[in-house]
Amino acid sequence: ETGVTQSPTHLIKTRGQQVTLRCSSQSGHNTVSWYQQALGQGPQFIFQYYREEENGRGNFPPRFSGLQFPNYSSELNVNALELDDSALYLCASSLDVSPLEQFFGPGTRLTVL
Amino acid sequence: AQTVTQSQPEMSVQEAETVTLSCTYDTSESDYYLFWYKQPPSRQMILVIRQEAYKQQNATENRFSVNFQKAAKSFSLKISDSQLGDAAMYFCAYSDTNAGKSTFGDGTTLTVKP
Chain U
1 ETGVTQSPTH
11 LIKTRGQQVT
21 LRCSSQSGHN
31 TVSWYQQALG
41 QGPQFIFQYY
51 REEENGRGNF
61 PPRFSGLQFP
71 NYSSELNVNA
81 LELDDSALYL
91 CASSLDVSPL
101 EQFFGPGTRL
111 TVL
Chain G
1 AQTVTQSQPE
11 MSVQEAETVT
21 LSCTYDTSES
31 DYYLFWYKQP
41 PSRQMILVIR
51 QEAYKQQNAT
61 ENRFSVNFQK
71 AAKSFSLKIS
81 DSQLGDAAMY
91 FCAYSDTNAG
101 KSTFGDGTTL
111 TVKP
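Respectively, the protein sequence lines represent chains U and G. Be aware that the first sequence starts at 1, since it is given in this note's numbering, and climbs by one per residue. Be aware that the second sequence starts at 1, since it is given in this note's numbering, and climbs by one per residue.
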């Protein structure tokens with residue numbers, strides 16, 4: 001059984017650029033949730049994808065967008081990067097939206113200069 | 001909106017001793033899930049224990065147990081026989097039963113002293 005993987009591990013961008021982060025869900029899981037974790041804080045929910053459709057969104061602006069592919073892997077895209085976007089981005093996969101068996105990936109550390 | 005509060009930014013415990021981490025939450029729902037996650041320096045968030053609100057019995061997983069007080073909206077984590085490997089950031093989290101998103105507290109950093 002393959003766990004949740006994320007790429008890249010680290011990323012450095014400059015303000016105004018665009019970035020794409022990737023997540024491969026655990027085998028058999030059809031739901032991916034994305035979280036932003038600022039330094040010293042708990043993760044904040046960005047959005048969730050279930051069977052390729054967005055299924056809930058947190059309090060993040062439209063420049064945060066996502067995709068889920070037929071194999072249930074997912075991308076998080078952030079346009080017009082701001083300094084405050086610097087954070088650890090976590091994805092979590094689960095089966096049929098249920099949070100009971102939610103497995104997290106190791107995260108992507110994004111630094112915006 | 002649901003909120004989760006962890007009032008202890010840092011805690012420390014002596015190896016082999018017991019420590020309790022506190023968490024309170026706010027919700028208008030009657031059925032929901034509560035979780036404790038561990039995040040070591042490697043960053044990977046690992047589920048420690050979970051509680052379904054409709055269950056009155058407190059969840060237990062080996063050395064980890066919770067004290068779930070539904071009326072008080074309190075959900076504390078007790079770690080018995082603490083080990084050096086327990087050192088990490090611990091997050092309390094809340095989820096509605098019909099939604100996949102989890103709301104997290106700001107975490108408690110646990111230090112285990114040898």
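Keep in mind that the hints were calculated from the coordinates and are not lab data. Nothing here was measured: the structure is a model prediction, and the numbers come from that model. A few of these clues could be false.
Quick look at which bits of chain U chain G covers, simulated, 3 or more residues with Cβ under 8 Å [what the hints assert, rightly or not]: (1) 14–26; (2) 54–66; (3) 99–106.
Chain U side only, calculated, beta carbon under 10 Å to chain G, not exhaustive [as the list claims (entries may be wrong)]: (4) Thr2; (5) Val4; (6) Ser7; (7) Pro8; (8) Gly40; (9) Phe69; (10) Ser73; (11) Ala80; (12) Asp96.
Quick partial rundown of chain G residues pointing at chain U, CB under 8 Å, derived from the structure [as the list claims (entries may be wrong)]: (13) Gly100; (14) Thr111; (15) Pro114.
We put the beta carbon where it would ideally sit given N, CA and C, even for glycine.
TODO: Closer than 10 Å between Cβ atoms is the bar; does Asp96/U clear it against chain G? Give me holds or violated.
DONE: For Asp96/U, the interface hint holds, since the closest Cβ of chain G sits about 9 Å away, which is under 10 Å.
Open item on the list: Can you verify the interface hint for Pro114/G: is its Cβ closer than 8 Å to any Cβ in chain U?
Closed with: Violated: closest Cβ of chain U sits about 26 Å from Pro114/G, beyond 8 Å.
Task: chain G contact restraint on Ala80/U - CB to CB distance below 10 Å - done: 24 Å, violated
Open item on the list: The hint names Gly40/U as touching chain G; please verify it with the least Cβ-Cβ distance against 10 Å.
Closed with: Nearest chain G Cβ about 7 Å off; hint holds.
Open item on the list: Is the interface hint satisfied for Pro8/U? The criterion is a beta-carbon contact with chain G at less than 10 Å.
Closed with: At 14 Å from the nearest chain G Cβ, Pro8/U fails the 10 Å test, so the hint is violated.
Task: 8 Å C-beta test of the stretch 14–26 of chain U against chain G, three or more residues - done: It is violated, with 0 qualifying residues against the three required.
Task: Hint check: 10 Å Cβ-Cβ cutoff, Phe69/U to chain G - done: 18 Å, violated
Open item on the list: For the stretch 99–106 of chain U, count the residues whose Cβ lies under 8 Å from any Cβ of chain G; is that count three or more?
Closed with: holds (count 7)
Task: Satisfaction of the Ser7/U interface hint, Cβ to chain G closer than 10 Å - done: 14 Å, violated
- [ ] Take the stretch 54–66 of chain U, compare each residue's beta carbon with every beta carbon of chain G, and decide whether three or more fall closer than 8 Å.
- [x] holds (count 3)
Task: Satisfaction of the Thr2/U interface hint, Cβ to chain G closer than 10 Å - done: With a minimum Cβ separation of about 14 Å from chain G (threshold 10 Å), the hint on Thr2/U is violated.
- [ ] Have a go at the Val4/U hint: is there a Cβ in chain G nearer than 10 Å to its own Cβ?
- [x] Holds, because the Cβ-Cβ distance from Val4/U to chain G comes to roughly 9 Å (cut-off 10 Å).
Hint violations for this structure: numbers 1, 4, 6, 7, 9, 10, 11, 14, 15, all remaining hints satisfied.
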